[in-house]
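Protein chains in written order, with my numbering: chain A, 1 to 134; chain B, 1 to 134; chain C, 1 to 234; chain D, 1 to 234.
For the record, the hints were derived by calculation from the structure and aren't laboratory data. Keep in mind that the hints are not guaranteed to be accurate.
Residues from chain C that face chain A, not an exhaustive set, calculated with beta carbons under 10 Å [what the hints assert, rightly or not]:
1. Asp43
2. Tyr194
3. Leu195
Ideal Cβ placement from N, Cα and C applies to all residues, glycine included.
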Amino acid sequence: MSAPVRLVLLSHSAAAAAGVAELAAQVAGGAQRVRAVGGTADGGLGTSADALEEACRAALDEGADVAVLVDLGSAVLTAKAWLAELEDEELARVRLVDAPFLEGAVAAAVTASTGAALAEVVAQAEVARGLRKL
Amino acid sequence: MSAPVRLVLLSHSAAAAAGVAELAAQVAGGAQRVRAVGGTADGGLGTSADALEEACRAALDEGADVAVLVDLGSAVLTAKAWLAELEDEELARVRLVDAPFLEGAVAAAVTASTGAALAEVVAQAEVARGLRKL
Amino acid sequence: MSAVAREALDAAAAREWLRGFAAAVAERSGELTDLDRPVGDSDHGVNLRRGTEAVLAALDADGAGGAGGADGTPGQVLGAAGRTLVSTVGGASGPLFGTALRRAGKALGEVPAADAAQVAAALRAALEGVVRLGEARVGDATMVDALDPAVAAFERAAQEGAPLPRAARAAAGAAAEGAASTVPLVARKGRASYLGPRSRGHLDPGARSVELLLTALADALGADALDARAGEGA
Amino acid sequence: MSAVAREALDAAAAREWLRGFAAAVAERSGELTDLDRPVGDSDHGVNLRRGTEAVLAALDADGAGGAGGADGTPGQVLGAAGRTLVSTVGGASGPLFGTALRRAGKALGEVPAADAAQVAAALRAALEGVVRLGEARVGDATMVDALDPAVAAFERAAQEGAPLPRAARAAAGAAAEGAASTVPLVARKGRASYLGPRSRGHLDPGARSVELLLTALADALGADALDARAGEGA
Ligand SMILES: Nc1ncnc2c1ncn2[C@@H]1O[C@H](COP(=O)(O)OP(=O)(O)O)[C@@H](O)[C@H]1O
Ligand SMILES: Nc1ncnc2c1ncn2[C@@H]1O[C@H](COP(=O)(O)OP(=O)(O)O)[C@@H](O)[C@H]1O
Ligand SMILES: [Mg+2]
Ligand SMILES: [Mg+2]
Ligand SMILES: [Mg+2]
Ligand SMILES: [Mg+2]
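Just chain A, with the same shape it has in the complex (with noise of 0.2 Å):
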């Protein structure tokens, strides 16, 4: 049996990301699947690699891989940063995904509520990439 997978969801916006989680849980049955992290640790539009490595490591000790969602490219490049300092057994734990970070959670959400592994929840999460709405 592989490994339950939590979803992170790093965004320059507080309220983003927390409603972007929101979202994610409910299609997902259940919050604890899904992290928020947003804004800079004084409240402003900025995101906290501190805020990310707190919500990654919480995951990862209990025993759960991680997929990464970032909103914009400064979002990318702190999550590039701080998988760039992890050990390899961690980092093989954890997956950035290129995706849209609404529709990617949400599809995230829906693909580790089945229990699939983090490479599956990563494949469907990119699958959101490229669909068409209309």
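Here the structure of chain A is known, so what remains is to put chains B, C and D with the ligands in place on it, guided by the hints.
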């Protein structure tokens, strides 16, 4: 000169709409260009056609054109059902955008901030579909 | 439920239809939400109930005067209810059911009392509106799987000269079968489609609601009274 | 600013470098943010200031003992500051400057006092870290347009046997030119790239900060003292 363009962001989550609006307003250099519409009238997750109508109507009444971004499939239905009731003159001034919610909103906001016309704002937002982050 | 079989859908019957639908949704709200759990976001009953309660409130507020009043046409009654559903439901079912009722209302036009053929045309318009909006086809595991055969059954009955209530009962039966047919299907529209093949094995909640809607129509038209009479006659 | 020209970058010099950078950022914070207005989101000065203040606080807290203390190596001092920047800045410049300092620190390894060649290698590692993380090339209108020529100028000076402070001054000069070179460019990385061709005509804020960083290095190494002495000697 083309009409100014306002964005209306329709999400099932009030927080998601507000957070994305906050990000879009930051890059667009002004909150007056972006309206967040999220959640049901009773504060739950869902979309309110009335709130959508109100936000779009306010923009149209100011003489602005409107680009509507939506989060999930049922928001598309809400928006399309509302659009179906518009008269042709107004219908030409409102466009439903086929783009990822956050990424499309940011691209649309940047484009709108340059004074671009509705068609160009929509086109730039739709480019965000399929863009890679990594 | 009408104690007498009606020969036409007038404004009073339309109001009774909507009230009956609202009552059924209120009663089955939990079941509808449960159906939405495995394949959706567990809100279908809550959504529809919010909408139908708003419809009830508007009917009550209008009294006998406004569009919903005794003076209105059935088309006005349905159109107003459709707008209320679009405004208030909050989920996909709002614009879909709302569009259905609005289109039906529009198709009825100004007629004060619609006969079976006119109701058939209105239901066909409702289906077309739902399909145009949601782009689902039969087999996609949505409400269309209930509404499409229901409309076809109503048309068939009307063409064969069945009385209006019986056509409605046939439609309700076909809707129930159509809803049941969604169980083995893979959803291709709506939230359930996010699940891909894992959506198989569940009855689509919106299809069940369509069954409730058409059952309410048959009830409002007095299909049972007709059946009872038929039973007596036999 | 060091009153005497230094022959090596030791931990004390590294700390002075970081303090000088923090002071420059504090002084120019408004300008940096203004540069970020037309092409970005008007927060570059605020971002970097948040980060460099955290670096100062950590230096103060460490006193003479910890990684930032007199006993540490310059590599430790820079590595710790880099981690602080990644943690605290909140914008793209955080991971980028943070990675630059961490990579520089790592390249310095355990040396207690780095000579010009070792500092050159550290700066090259910093540049490589920034490029690997951000994937910008020269000409994309980012901080790389300042850092790349600065590292090249430093290496050239070091190879030609220039004293450490003079190599740093050459790097600072090249960074300034590199920053200015971004004005006519279309941004292809970072937020400014959202603007497409409309990003043309503006100096990249991150490139200006790199200029401040290298100027602070030259100052911390006492380049001015060296120049003054050279002036006296002439
Ligand atoms: N595109 C569509 N076409 C037809 N019916 C749809 C479509 N999308 C959703 N539905 C119907 O809507 C029902 C779900 O309604 P509801 O739960 O109220 O909305 P939501 O999915 O937004 O939470 C589904 O069971 C399905 O019958
Ligand atoms: N991918 C990248 N590669 C190199 N430098 C980058 C990249 N993205 C952004 N930058 C630099 O970061 C600067 C902006 O920093 P800052 O305003 O603090 O962050 P943000 O853009 O997240 O608000 C830009 O001026 C540019 O020099
Ligand atoms: Mg639902
Ligand atoms: Mg819903
Ligand atoms: Mg910025
Ligand atoms: Mg920023």
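Taking the hints in turn, this is what the structure says about them:
1. Interface restraint check for Asp43(C): the shortest CB-CB distance to chain A comes to about 8 Å, inside 10 Å, so the restraint holds.
2. Residue-level restraint check for Tyr194(C) holds (minimum Cβ-Cβ distance to chain A is 5 Å; threshold 10 Å).
3. With its C-beta approaching chain A no nearer than about 6 Å, Leu195(C) sits inside the 10 Å limit, and its interface hint holds.
In this structure, none of the earlier numbered hints is contradicted; all agree with it.
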